[in-house]
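Chemist: Residues per chain are reported as follows:
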Amino acid sequence: MNLLLRAAAIAAVLHITPAVVLVKRPDAVRALLPGADSYIAREVHLSAPDAHRLHELVDWSPEDGVLTFYRGQAGSTVVGALTFVRVDTPHGPIEVAVGFTPQGAVRGVIVTKATVEMKPWVLEAVGAGLVERYRALQPGDAPAGAAGLVGHTGNLAVYIAGEVDKGVARALAAYRTFYNNGHVRA
Amino acid sequence: MLYDLGRADLRIKWLVTCLLATLGISYVFGALMVSLYAGFTPERVAATYAGRAMSMPMPPETTMVTQHPMSMADFARPEVHEVDTDLLVQDTHVHVPMYGVIAAALSLVVVGLALSQGWALALITLLFAAPWLDFAGMWLTKFVSGRFAAVTLVGGWAMGLGYVAVTALAIQQMWFRTRGVDR
Chain Z
1 MNLLLRAAAI AAVLHITPAV VLVKRPDAVR ALLPGADSYI AREVHLSAPD
51 AHRLHELVDW SPEDGVLTFY RGQAGSTVVG ALTFVRVDTP HGPIEVAVGF
101 TPQGAVRGVI VTKATVEMKP WVLEAVGAGL VERYRALQPG DAPAGAAGLV
151 GHTGNLAVYI AGEVDKGVAR ALAAYRTFYN NGHVRA
Chain X
1 MLYDLGRADL RIKWLVTCLL ATLGISYVFG ALMVSLYAGF TPERVAATYA
51 GRAMSMPMPP ETTMVTQHPM SMADFARPEV HEVDTDLLVQ DTHVHVPMYG
101 VIAAALSLVV VGLALSQGWA LALITLLFAA PWLDFAGMWL TKFVSGRFAA
151 VTLVGGWAMG LGYVAVTALA IQQMWFRTRG VDR
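In the order they appear, the protein sequences are chains Z and X.
For reference, each letter of the first sequence is one residue, going 1 to 186 in the numbering used here.
For reference, each letter of the second sequence is one residue, going 1 to 183 in the numbering used here.
Calculated from the structure, these hints are not laboratory results.
Treat the hints with care, since some could be wrong.
Stretch-level coverage of chain Z by chain X, calculated; a stretch enters the list once three of its residues show a Cβ under 8 angstroms from a Cβ in chain X [claimed, not checked]:
#, stretch
1, 62-71
2, 97-106
3, 119-131
Among the chain X residues that face chain Z by a calculated CB cut under 8 angstroms, a handful are [to be verified]:
#, residue
4, L20
5, T62
6, P69
7, M70
8, Q172
Owing to the predicted nature of the structure, the values given are computational and were not obtained by experimental measurement.
By construction, the Cβ of each residue, glycine as well, lies at the ideal position given by its N, Cα and C atoms.
Start from the sequences, fold in the hints, and give me the full structure.
Modeler: This is the structure in structure tokens:
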């Protein structure tokens with residue numbers, strides 16, 4: 001019922017503009033996994049209880065119940081991991097790439113996709129230093145990029161920063177809870 | 001009949017022509033957008049709307065991990081634009097009312113053409129049925145079978161066919177018919 005009401009509320013105000021790529025995925029991968037020369041895709045297929053647990057933590061379930069992390073290695077040395085998280089907003093989806101160091105801290109955040117409408121808001125927020133505010137966050141920390149922009153940018157940039165906060169929070173929760181867990185299936 | 005586009009005032013003919021031209025531009029860019037995000041083959045449409053849900057509909061009993069190597073070329077590969085249920089709800093909300101308005105506008109043009117009642121009814125039905133088929137195909141592809149992607153394609157082509165038929169008849173009757181045809 002809640003889902004239906006939310007869908008109805010969203011549908012009532014929606015006029016979605018087309019998606020635009022702000023940063024290509026290979027460029028985001030190079031920036032967030034610097035020096036890596038090989039990559040492993042790690043797909044975590046969540047059980048129903050684990051999907052519920054994640055939903056309780058960050059009010060979100062990944063598409064089709066699958067979390068996908070990409071681990072980068074330079075030779076045999078792990079450089080880190082990254083994940084792409086989609087955040088659905090009333091103005092359309094944005095995609096946020098969140099990179100982690102091998103120790104699990106946030107190495108960097110890149111907004112890779114938005115819609116035509118939201119692109120200027122994202123650019124304003126990023127130009128005001130939004131993504132720097134996520135650097136070195138630890139799993140368990142709460143991202144507060146939007147709060148840091150209040151008074152420094154327009155309201156729409158603050159709004160979109162709140163959506164990016166959601167993406168980073170989801171990535172942090174997913175990484176902390178599932179990156180190193182789960183039974184590896186051949 | 002009082003409303004006959006073939007004998008209408010010049011201003012009405014010009015209005016209808018401008019409407020048809022504007023709709024034509026939107027249809028061309030609509031087709032371009034479809035080619036960018038979904039494609040014109042049943043396989044691509046099925047991949048867009050059915051997504052991975054078709055291959056793994058049930059969550060595993062315990063959380064499982066699969067791994068596979070990735071190259072930079074894999075990251076660069078064009079992504080399949082997947083429309084999940086939430087997005088399809090949004091798309092349906094945004095598109096269906098507009099399709100209804102467009103079908104109604106084209107139907108008003110049809111009513112003013114010198115056509116038999118049967119042909120007029122058939123054209124009006126086509127204009128409204130096309131978007132119904134388009135979106136019915138998307139929902140059926142998502143929740144029943146990827147084979148229903150063909151329904152979406154039929155709906156899309158039917159929209160184009162309806163527009164072309166109405167436009168060709170209207171332009172011919174408004175600007176190239178030398179004398180009226182009584183119905």
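Chemist: Checking against the hints above, which ones are violated?
Modeler: Numbers 2, 3, 4 and 8 - these are the hints that the structure violates, sorted from lowest upward.
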